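Here the structure of chain A is known, so what remains is to put chain B with the ligands in place on it, guided by the hints.
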Amino acid sequence: MENNDKPMLSGAQMVVKSLEDLGVKYLFGYPGGAVLDIYDALFENEKVEHILVRHEQAAVHAADGYARATGDVGSVLVTSGPGATNTITGIATAYMDSIPLVVLSGQVPTTVIGEDAFQETDMVGCSRPIVKHSFLVKKAEDIPGAIAKAYYIAKTGRPGPVVVDLPKDIVNPLIKAPYDLPEEINIRSYKPSSKGHPRQIKKAVELLLNAKQPVIYTGGGIIASEASKELTKLAETLNMPVTNTLMGLGGISGTHPQFIGMLGMHGTYEANKSMHSADVIFAVGARFDDRVTNNVAKFCPNATIVHVDVDPTSISKTIQAHVPVVGEAKKVIKQILEHIDSTDSKPSDLSAWWQQINEWRNVKSLAYETFDDKIVPQQVIESLYKVTNGDAYVTSDVGQHQMFAALYYPYKKPRQWINSGGLGTMGFGFPAAMGVKLAFPDADVACVTGDGSIQMNIQELATCLQYNIPVKIVNINNSSLGMVKQWQSMFYNGRHSHSYMDSLPDFVKLTEAYGHVGMRVTDPAELDKVMAEAFALKDRLVFIDIIVDQNSHVYPMQIKGGKIDDMVLANKEGESN
Amino acid sequence: MRRILSILLENEPGALSRIVGLFSQRGYNIDSLTVAHTDDETLSRITISTRGDQRVLEQITKQVNKLVDVLKVRELTERPHIEREIVLVKIFAENNEQREEVKRSADIFRGQIVDVTARVYTVQLLGTSEKVEAFIDVMRENATILETVRSGTVGIGRGEKSLTP
Ligand SMILES: Cc1ncc(C[n+]2csc(CCOP(=O)(O)OP(=O)(O)O)c2C)c(N)n1
Ligand SMILES: [Mg+2]
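Going line by line, the protein sequences match chains A and B. Each residue of the first sequence is one higher than the one before, counting from 704 in this note's numbering. Each residue of the second sequence is one higher than the one before, counting from 6 in this note's numbering.
Keep in mind that a hint or two might mislead.
Claimed, not checked - In silico contact screen, one side only, chain B against chain A (beta carbon under 10 Å); selected entries:
| # | residue |
| --- | --- |
| 1 | Arg8 |
| 2 | Pro18 |
| 3 | Ser22 |
| 4 | Arg23 |
| 5 | Gly26 |
| 6 | Asp58 |
| 7 | Gln68 |
| 8 | Leu76 |
| 9 | Lys77 |
What the hints assert, rightly or not - List time: in silico DSBU-like cross-link candidates among lysine-lysine, alpha-carbon distance up to 35 Å:
| # | chain 1 | residue 1 | chain 2 | residue 2 |
| --- | --- | --- | --- | --- |
| 10 | A | Lys1263 | B | Lys67 |
| 11 | B | Lys166 | A | Lys906 |
| 12 | A | Lys894 | A | Lys905 |
| 13 | B | Lys67 | A | Lys936 |
Hints listed in this document are in silico derivations from the structure and should not be mistaken for laboratory results. In this text, all values refer to a predicted model and were calculated from it rather than measured experimentally. Heads up, the beta-carbon is just placed ideally off N, CA and C, and yes, glycines get one too.
Chain A extracted, bound-state conformation (with noise of 0.2 Å):
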C-alpha cells in the first residue's frame, strides 16, 4: 500500500473519526439496518455525544436548534429508507431559513441500488430540491473527503443542509482503506463571494447619508453572519430607525430606542408605516418575502432600494433593487462604515422623520385587553419575559403562539429566538429547544408551543428524560389551531372548519407519565408565579399547560392585497368568536 502514513480505517470507522476531527459534539440520530455499521464504531467513540431522538424528524430539528443557537453545523446520522424520508420536513424547514446543517443518511448497498431493494430510497433524489447540496458516496476512501466538504458546503456563503448519502457496503468493517480527511477545503466550482463590490458601497452610503426617510431593514442574514454590533453600529452612526423580519429579530436589540419592531404581515404599526413611507430602504440579509412585503405592486413607491445579500439569487427576485450589493452582511456593513467614516459629509437630520415614526409608536399597535378571569396569551409572553429576564432563549412551534412570542418578547441577542420561518413548521419548537438547551446546558430555555404543535413532536419528551435535557415547554392551550381559526373567522365568515382540538390530553399528566413535572394555570393571578415556580427547577423538564382565551386573535394584522402598511390594528366586534 502506498499510503502508509495514513490509518486503515472501515468506512463506518471514518465516518465517526471525520466526525470527531470536524470537531462535531452532538450527533442526533436513530439507528437502523443500513447504519448499524455506522452505530457500532459510535459505541466506542467518546467526543461525539450521540443523542437518540425518538422519531427522525426531531433529530432534524435539534440538530437544527443547536445550529441557529451556535452558528455551528447541526448534525444527523438516520437509516436509509424510511429513517431517510423522515428526516425530509426537517431538511426542508433548514433550507428554507439557510440554516447549516449535515445530514449523514444510510443506503442500501451499491450493488443492489435501482433494485427496490429493502429499505431504499432515493435520497439523493428526494432531497434534492431542498438541500444546498448533496453527495452520494461510492468508495470508501472518499468518506472523509465527502463529509469534510458537506461541513464546509454547510456553513459558508448562504448557509444550508447538506446531505451525505452513505451506501452499505462501503462502510462495511471488515475493509480497510486509508484515512485521509483533508484539511483545506478547495471546490473549483464553489467560491461563495464575501465583500461588497466597492462601486456598489459607494452608491450605498450616498443614498444613506442623504436619506430623508430611511428605513434600515435586516433578516437572519445578520444573524447568521454575526453582523449584529456592525448592524447597531450603523443604525446609530446614521440615527436610522432598524425594523427586523421573523428571522432577524435579535439582530438588533430588541429593547433599542431605534428598534421599531418586526415588520410584515403581523408586524408593528411603525415599522410597516415606515416601510411605506421611506424614501431609501436599506434592506440587509432579508429577502422580501411575501409574508413582508404583502401586494409586491403597492410596495414601498418611493423607496430607493440597496439589498445587500450573500446570496445573488435573493437580490431583485420579488422587489427590484436600484443597488443591489452581493456579499456577507458583516463584511458589507463593515465596508460601509468605513465608507461613512472617510468621507466629510454628514448625515441627514432624521429629526421630523423620528417625530412622525414617534407618533405612528403612539397608536400602540401592541396594546391588548386583559381580564380577570381568564389569561390572553399576550400575558403568557410578558410573564416569561419577567421570569427570565428577557435572557431566555426562545424556541417556538408555528401558530398564533408564534407571533405573540416574536411581538412581546423584546430579544436582546441574537440567536435567542429560534423558530421555522420559512417553511413554518409545526413540530419544530421542542426538538429545536432540545438542541439549544444541549449547546447551553445553563441557560433558560423555552420551547413556546401550542397545543397543536406540541402533539407533533411530543414524543421527545421520553428523550429529554434519557439525557437530562431540561428544557421548558410553555404551551399556549386555547384548545385549538389558533391561527387557523383566526383566517376562519376573518375571512371565511367564521366557518372554523376543522380547527378546533377536540379530545386534548391531559398534558400534565401526560408529562408526568414520561417522567417530568407538569404544571397547570388557569387563573390570571397565578400566572407570574407558576411561571417562576416552573423556571426555579432548574433541573428539571417542567411543562407548563397554560389554558388562554380561546378568542384571541394576533394582531396587527395586514389586509390580503393591500399595501405593506394596510393593516387592521385589533379585534373588530364580532369576529373572535
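For chain B with the ligands alone, kept in the frame of chain A given last:
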C-alpha cells in the same frame, strides 16, 4: 424570447439532475438540452435553449450559478455566437418524383443522404435551429416524414473570449 445558456459544470453524477430539477421545479421551459464532457473529462458542458423575459432569465442564470457543482454560466444569445444543431430525418418517398425532390431539397440545404433503401432516405442536416426547422417543413411538403431526431442546439461564443473554468 429564445435564449441559449451555456453551463460549465463538474462531470459528476447528479449534476445534470440538479440543473434539470431547477428548471422543472420553477416552471422554466427547456426547449432543448445537450450535455457532454469537454476536452477536459472532469468537466461537462450543457447547452440549454430556453425562453423567457429578461427578469426570468436573470433569475434562472443566478439559480444555476448558485448550484455547488456549476463553474460558469453564460447567456450565449447576449453576444455574437455560433449555434448548431444536427437533425436526422427519415423520409418515405413513394415514387421517382418524390425521391428527386428529397435529393434536391437536401442539396439546397446542404444536407447529406446518409442511408438509403428502396423507398426510404435518411438525411442528415447541420445548421441553426431555424435552418433545421425550415428543412423539416420542406421535407414534410415533399414526402412523408417517418421519423426525425434533433440533437438540440449547441453553441459557442465568437472571438477570443471563451468559457473556461
Ligand atoms: C406541519 C404543519 N401542518 C399544518 C400547518 C398549518 N398551520 C399553521 S398554524 C396552525 C395551527 C397551530 O395550532 P397551535 O399549535 O395550537 O397554535 P395556535 O395557533 O393555537 O397558537 C396550523 C395547522 C403548519 N404550519 N405546519
Ligand atoms: Mg392552539
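We went through each hint and held it up to the structure:
no., hint, verdict
1, Arg8, "18 Å, violated"
2, Pro18, "7 Å, holds"
3, Ser22, "7 Å, holds"
4, Arg23, "6 Å, holds"
5, Gly26, "5 Å, holds"
6, Asp58, "13 Å, violated"
7, Gln68, "5 Å, holds"
8, Leu76, "4 Å, holds"
9, Lys77, "9 Å, holds"
10, A:Lys1263 <-> B:Lys67, "30 Å, holds"
11, B:Lys166 <-> A:Lys906, "30 Å, holds"
12, A:Lys894 <-> A:Lys905, "24 Å, holds"
13, B:Lys67 <-> A:Lys936, "32 Å, holds"
Checked against the numbered hints given earlier, the structure breaks hints 1 and 6 and satisfies all the rest.
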